[in-house]
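In case you want the letters, here they are:
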Amino acid sequence: MTINLLLLMALTITALGSVLKKDLVKAAIALAVTSIILTILMFRLASPLAAVFELSVCAGLITVIFMSTISLTKPLTAQQEEERLHSRAKHFASLPVMVIAAAAVLVFVGIPTNFILPPAAPAGDVRNVLWNERQFDLVGQMLVVLAGCFGILVLFKERVKTTRRAGAAWMRAIPPTAAGDKFNNGAQAPMKDDEVVSETVPFESVGRKT
Amino acid sequence: MTGNTAQLIRMMAIFIPLLFIAGFYCVIATRSLIRALIGIEILTKAVTLLLVVAGYLTGRTAFSQACVITLITIEAVVLAVAAGLIVNAVQHTDSLDKRKLENLRG
Numbered sequence: 001m002t003i004n005l006l007l008l009m010a011l012t013i014t015a016l017g018s019v020l021k022k023d024l025v026k027a028a029i030a031l032a033v034t035s036i037i038l039t040i041l042m043f044r045l046a047s048p049l050a051a052v053f054e055l056s057v058c059a060g061l062i063t064v065i066f067m068s069t070i071s072l073t074k075p076l077t078a079q080q081e082e083e084r085l086h087s088r089a090k091h092f093a094s095l096p097v098m099v100i101a102a103a104a105v106l107v108f109v110g111i112p113t114n115f116i117l118p119p120a121a122p123a124g125d126v127r128n129v130l131w132n133e134r135q136f137d138l139v140g141q142m143l144v145v146l147a148g149c150f151g152i153l154v155l156f157k158e159r160v161k162t163t164r165r166a167g168a169a170w171m172r173a174i175p176p177t178a179a180g181d182k183f184n185n186g187a188q189a190p191m192k193d194d195e196v197v198s199e200t201v202p203f204e205s206v207g208r209k210t
Numbered sequence: 001m002t003g004n005t006a007q008l009i010r011m012m013a014i015f016i017p018l019l020f021i022a023g024f025y026c027v028i029a030t031r032s033l034i035r036a037l038i039g040i041e042i043l044t045k046a047v048t049l050l051l052v053v054a055g056y057l058t059g060r061t062a063f064s065q066a067c068v069i070t071l072i073t074i075e076a077v078v079l080a081v082a083a084g085l086i087v088n089a090v091q092h093t094d095s096l097d098k099r100k101l102e103n104l105r106g
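Read top to bottom, the protein sequences are chains S and C. The numbering used here numbers the first residue of the first sequence as 1 and each following residue consecutively. The numbering used here numbers the first residue of the second sequence as 1 and each following residue consecutively.
Accuracy of the hints is not assured; some may be wrong.
Said to hold, decoys possible - Calculated lysine-lysine pairs in the DSS-like style (CA-CA distance at most 25 Å, straight line):
(1) Lys98(C) - Lys157(S)
(2) Lys21(S) - Lys98(C)
(3) Lys98(C) - Lys26(S)
(4) Lys100(C) - Lys22(S)
(5) Lys100(C) - Lys157(S)
(6) Lys22(S) - Lys98(C)
(7) Lys21(S) - Lys100(C)
In case anyone wonders, no lab produced these hints; they're calculated from the structure.
Model the full assembly from the supplied sequences, consistent with the hints where possible.
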């Protein structure tokens with residue numbers, strides 16, 4: 001029980017650390033540490049398969065997604081950084097106080113623990129439960145993953161950018177082709193005002209300046 | 001109910017609400033879009049722990065693990081799409097501040 005208590009305290013502290021850390025990279029790493037501690041707790045609570053999922057997906061994949069997202073955004077300027085520090089101190093100063101107050105209330109109020117638990121069910125296999133009893137959950141998971149793939153494809157595809165050239169006076173300088181002249185020497189006909197031009201814009205990340 | 005079970009329930013009943021408070025506070029108070037995602041992740045961890053504890057106390061660990069696996073899968077997909085939305089939003093507003101997202105074209 002002492003080990004569980006220590007793990008729960010470490011879980012709460014790392015979760016608070018990921019909220020209160022100024023640097024987003026350090027916050028993402030603190031979140032990964034939170035996942036690792038949760039994995040240990042899940043192993044101790046007789047849920048090894050879920051613990052492995054938590055470790056591989058939350059501590060691994062999600063941390064990579066966070067790092068990728070942070071790397072695709074622009075770093076703040078010095079002035080923006082200063083403004084952010086002031087607003088963060090104002091907004092997040094009360095969180096540790098709130099957590100300690102809530103913990104004190106929950107400890108001293110007295111949580112009832114004398115309720116009757118249902119009789120222990122025979123231990124089943126996770127695979128049997130997933131494939132035989134929770135089939136709709138699996139279908140739902142597949143649909144969600146498919147929807148997520150389409151979502152990512154739509155968000156990151158190349159866009160066709162349309163622009164209107166209003167008053168393209170510089171194009172009027174090009175002489176018009178002679179009537180009946182099939183070979184116009186490559187000269188283009190002058191563009192009309194407000195003509196729509198389409199160009200393909202590849203996805204560009206707002207890169208970090210090194 | 002044994003002493004160990006009662007102690008476990010008491011500990012979880014203290015720490016799981018604290019995780020919920022931290023997650024909700026992070027989502028509501030922050031101005032950064034990425035930090036709001038971190039808050040959602042903390043909320044998901046609180047729910048995961050609650051499911052695992054419920055499975056442990058009732059003896060139905062297989063069912064609780066199946067629910068946790070479903071939750072983790074959906075969480076990963078939602079996070080990936082949300083990260084994509086954030087990157088696109090930063091392209092338009094050039095900032096991670098959620099207050100800059102006020103000009104929505106309807």
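Now the hints, each set against the structure:
The suggested pairing of Lys98(C) with Lys157(S) holds, with an alpha-carbon distance near 23 Å, which does not exceed 25 Å. Only pairs whose Cα atoms come within 25 Å are accepted, and Lys21(S) paired with Lys98(C) is accepted, the gap being roughly 19 Å. Taking the CA atoms of Lys98(C) and Lys26(S), the gap is near 21 Å; set against the 25 Å cutoff, the hint holds. Proposed proximity of Lys100(C) and Lys22(S) is supported: the alpha carbons are some 20 Å apart, at most 25 Å.
Under the criterion of a C-alpha separation no larger than 25 Å, the hint pairing Lys100(C) with Lys157(S) is consistent with the structure, at around 24 Å. Between Lys22(S) and Lys98(C), the direct Cα distance comes to roughly 17 Å. Compliance with the 25 Å bound is thereby established for this hinted pair. Distance check on the hinted pair: Lys21(S) and Lys100(C) sit about 23 Å apart at the alpha-carbon level, within 25 Å; holds.
Going down the numbered hints, you'll see the structure goes against none, and every one checks out.
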